[in-house]
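Residue numbers (this note's numbering), protein chains in the order written: chain A, 1 to 350; chain B, 1 to 229.
If you are wondering where the hints come from, they were derived from the structure by calculation, not from laboratory data.
Even glycine gets a Cβ: it sits at the ideal position worked out from N, Cα and C.
Mixed in with the good hints there might be a few duds.
Taking lysine to aspartate or glutamate pairs in the DMTMM-like style, the calculated list, with each CA pair at most 25 angstroms apart, reads [said to hold, decoys possible]:
1. A:209 <-> A:193
2. B:135 <-> A:193
3. A:105 <-> B:119
4. A:42 <-> B:119
5. A:24 <-> A:215
Label-pair ranges, simulated between beta-carbon atoms [as the list claims (entries may be wrong)]:
6. B:29 <-> A:176: 48 to 54 angstroms
7. B:212 <-> A:95: 33 to 39 angstroms
8. B:79 <-> A:61: 53 to 59 angstroms
9. B:38 <-> A:179: 39 to 45 angstroms
10. B:116 <-> A:95: 33 to 39 angstroms
11. A:251 <-> B:41: 30 to 36 angstroms
12. A:291 <-> B:38: 58 to 64 angstroms
13. B:38 <-> A:126: 40 to 46 angstroms
Here are some, though not all, of the chain A residues that point toward chain B, as calculated from beta-carbon distances under 7 angstroms [claimed, not checked]:
14. 45
15. 73
16. 74
17. 78
18. 80
19. 82
20. 100
21. 103
22. 104
23. 106
24. 196
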Amino acid sequence: MSLYVSIKKTLNEFELDINLAVGKSSVGILGTSGSGKSMTLKCIAGLETPDSGLILINGKVVFSSERNINVPPQERNVGYLFQNYALFPNMTVLENITIGLKLPKQERIRIALEKIEAFGLGGLENVYPDRLSGGQQQRAALARILVKKPEILMLDEPFSALDSSLKWQLEQEAINTIDHYDATSLFVSHSRDEVYRICSNIAVVSKGKVDSFGEKKEIFENPKTVSSAKLTGCKNISKAKKIDSKTIMCVDWGINLAIDNSVLEDLNYIGIRAHFFEVAFCERTNSFEIEIRKIIEAPFTITILFNFKNNNTSIWWEINKADWEKISKESLPNYLSVSPGKVLKLKEEF
Amino acid sequence: MAGENIMDYTPLLISFRIALAATVITFFLGIYSARLMVNSRSKWKGLIDGILTLPLVLPPTVIGLLLLIVFGKNGFIGDFLLNFNIRVVFSVSGAVIAAAVVAYPLMYRTTKGAFEQIDMNLVYAARTLGLSEHKIFWKIIIPLSLPNIRAGTILAFSRALGEFGATIIIAGNIPNKTQTISLLIYTAIAGGDMELAVRWVGIIIVISLLSVFSVNMFTPAKSGVGRSV
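With the rest of the complex left out, here is chain B:
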């Protein structure tokens, strides 16, 4: 914990590491699932989309509990992972999973929105010009969706960085291990150390402001990019 005057930055480091790992996971999962969903013609599409968006609207504590059920030592994945001596509960990997699940819908939805906005005539034209579906995705769809993908990544990272409810349930609040900034603030307030809490609140406000600015910077305000001519 923080000393009298010297600030201990371990929670910042832990927060960043967890958020970064969670963002990398959601980045690939989000883009991949958005592509699958946009191309899908399944009649279950609406339901699947709802389930994938659920973590955005569910209370984080509920997500934490659900993760505990799945990854706990009685859960089917948790039980399986224990065979390899991997423990998710009360560990950093638990915190990463919690942050990734909570941040995932932001990445998924912004990317899917970008894919859906692409003028179908561009895809049609590409097909008649002989471009493979693979090439169409990488050379046309991804470049045109880049502003949204960037924005989605930053939003997901910010959400992962501030994660509290699901994390405290599955990863606990272990100093120097799983204690992120949000958890530290909670602990500080609970322990009556208002000065410490306020100091960290200041830090988190600065970080959050920076991400909001960068989202605005990357989101196209004019029509030039990402639209057909």
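Next comes chain A alone, as it looks inside the complex:
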């Protein structure tokens, strides 16, 4: 159970150049819109043709420019869940599920009805998709895909168009399905939270390339590149210059930062996550005088926009509301610090 992708395709704005080897696990593909995530899935499914490269699904060659192999999507047996679920509006739930099955009619209906039951759609066999709720549509689409026992499962931003209450419910259902379906699954999203909740491994895709790939904790706690840091939610990123083995200069912010382990030679950016700042009451390691520009209130968190003294660049600081109320009771903080271990050491992407 595995997937191997090594493809190139020239697109309008950049060249897609994806290298990815995935075992039997769920991999989240995280990237901004237009970074080439969906195009990658379409190439794997055979809906788009790469210019060159090789794609193996469970050891079978489905695309090879060298050997002139391009298996049509119909024969790749890839499960593809689209954002709008793509249920055929002119067919009932039952017809939607049976149409992909190549079996005698009786057998088709029996298997489809089993799946309908398993996905909690009993009683809706003869209903058309526009009469289904969002959750039922997702389940029908998943049932339609899984009834074919696909070799791999690919989900293309299935939750990005939903409102948040429904999103949570559908997400949990999808996680359940992915977990129960014992195969390679790819989950494409631009939401770092979604990817983190759903997948065990993450590939960060930026401008058509896999920027970093690994265990999700590692990617989130220790991103190595500027785009990985941004996509995992790091709001504050500055150009940086090494001063000595334990100190770097943040060019955009006009400060020097101490970091814990020695500075990598090719480091040229640093990042500080918005919630890594702490209030400091006097000068100490990595504490800096700040000027608060703006306080933005959300239901449970406070976001503060500030700049370091004698510098104009805005920096984000996030804190939960209860803590903020404690801190700001007397006066607004003048000093913030960041622990040397929390500074992200980054490389610029090329």
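Mind docking chain B on chain A? Use the hints.
Just chain B, lined up with the frame of chain A:
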């Protein structure tokens, strides 16, 4: 021709027969060419689309003349058909060809519009589910395009029924043979028989209104059909 008080309905029959035959031709040609054009990736696509739409914007007399050049006894198709003793000029088949050519772009464009509106994700999903291109066309694309195909058919039929300019040039105005309602009205006015002309005008208005109503009936006003969910 019509007698004193008795209405001769032959022109109505001729009109209907010609329009029906022309509609059948445009129906298949229109759907087929729309499918080819939607799937085509040729760089000449724009030009071909323009040519296929041309009969909609050209004056019918120009179309008539062009047909005469092609189907006349000196035209290359006309000359070929004469070998089999088939004469297009001044015959019913000429009238059918004229009506079909003029009505064709309406069928072609409405069908093509429907094909283009179909959510590509439906086609993609169908492919990953293993449906052949043939099955995708007949089980998904055609059913979802049905309202537009119906509307296109009715529009094409109405256009064919009212055809005048191209028909009079290639098929002539032969009573009881190629004289359709439009041609009869023209003849009646030219001959000063206003009463006859007005009577036929009334009939053609009723028929046209009926087709407009049926087009509106078949064109989806709400989003339910023909869209993805």
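A quick look at each hint next to the structure:
With a C-alpha separation of about 21 angstroms, the suggested pairing of residue 209 of chain A with residue 193 of chain A holds against the 25 angstroms cut-off. Proximity of residue 135 of chain B to residue 193 of chain A is assessed by CA-CA distance (about 40 angstroms); at most 25 angstroms being required, the pair is judged violated. Taking the CA atoms of residue 105 of chain A and residue 119 of chain B, the gap is about 28 angstroms. The hint is violated against a cut of 25 angstroms. For the hint linking residue 42 of chain A to residue 119 of chain B, the alpha-carbon distance of about 15 angstroms falls within 25 angstroms, and the restraint holds.
Distance check on the hinted pair: residue 24 of chain A and residue 215 of chain A sit about 14 angstroms apart at the alpha-carbon level, within 25 angstroms; holds. Separated by about 51 angstroms at the C-beta atoms, residue 29 of chain B and residue 176 of chain A satisfy the suggested range of 48 to 54 angstroms. The given range of 33 to 39 angstroms is respected by residue 212 of chain B and residue 95 of chain A, whose C-beta atoms sit roughly 34 angstroms from each other. Between residue 79 of chain B and residue 61 of chain A the beta carbon distance is about 56 angstroms. The supplied range of 53 to 59 angstroms therefore holds.
For the hinted restraint 39 to 45 angstroms between residue 38 of chain B and residue 179 of chain A, the CB-CB distance of approximately 41 angstroms keeps it satisfied. The supplied range of 33 to 39 angstroms is broken by residue 116 of chain B and residue 95 of chain A, whose beta-carbon atoms lie about 25 angstroms from each other. Distance hint check: the CB atoms of residue 251 of chain A and residue 41 of chain B are about 49 angstroms apart, inconsistent with the given range 30 to 36 angstroms. Checked against the given bound of 58 to 64 angstroms, the beta carbons of residue 291 of chain A and residue 38 of chain B, roughly 60 angstroms apart, stay inside it.
Restraint check, residue 38 of chain B to residue 126 of chain A: a C-beta distance of roughly 31 angstroms breaks the suggested window 40 to 46 angstroms. A distance limit of 7 angstroms between C-beta atoms decides the matter here; for residue 45 of chain A the minimum to chain B is near 5 angstroms, and the interface restraint holds. Residue-level restraint check for residue 73 of chain A holds (minimum Cβ-Cβ distance to chain B is 4 angstroms; threshold 7 angstroms). Checking residue 74 of chain A against chain B: minimum C-beta separation of about 5 angstroms stays under 7 angstroms; hint holds.
At its closest, the beta carbon of residue 78 of chain A sits 6 angstroms from a beta carbon of chain B; the interface hint therefore holds under the 7 angstroms criterion. Given the 7 angstroms rule on beta carbons, the hint for residue 80 of chain A holds: about 4 angstroms separates it from the nearest Cβ of chain B. The interface hint given for residue 82 of chain A is met, as the beta carbon of that residue sits about 5 angstroms from the closest beta carbon of chain B, less than 7 angstroms. For residue 100 of chain A, the interface hint holds, the least distance from its beta-carbon to any beta-carbon of chain B being 3 angstroms, beneath 7 angstroms.
A hinted interface residue such as residue 103 of chain A counts as satisfied when its beta carbon comes closer than 7 angstroms to some beta carbon of chain B; here the least separation is about 12 angstroms, so the hint is violated. Among the interface hints, the one on residue 104 of chain A is violated; its C-beta lies about 16 angstroms from the nearest C-beta in chain B, farther than the 7 angstroms criterion. Taking 7 angstroms as the C-beta cut-off, the interface hint given for residue 106 of chain A is violated, the closest approach to chain B being about 19 angstroms. For the restraint placing residue 196 of chain A at the interface with chain B, the shortest Cβ-Cβ distance is roughly 26 angstroms, beyond the 7 angstroms limit, so the hint is violated.
Checked against the numbered hints given earlier, the structure breaks hints 2, 3, 10, 11, 13, 21, 22, 23 and 24 and satisfies all the rest.
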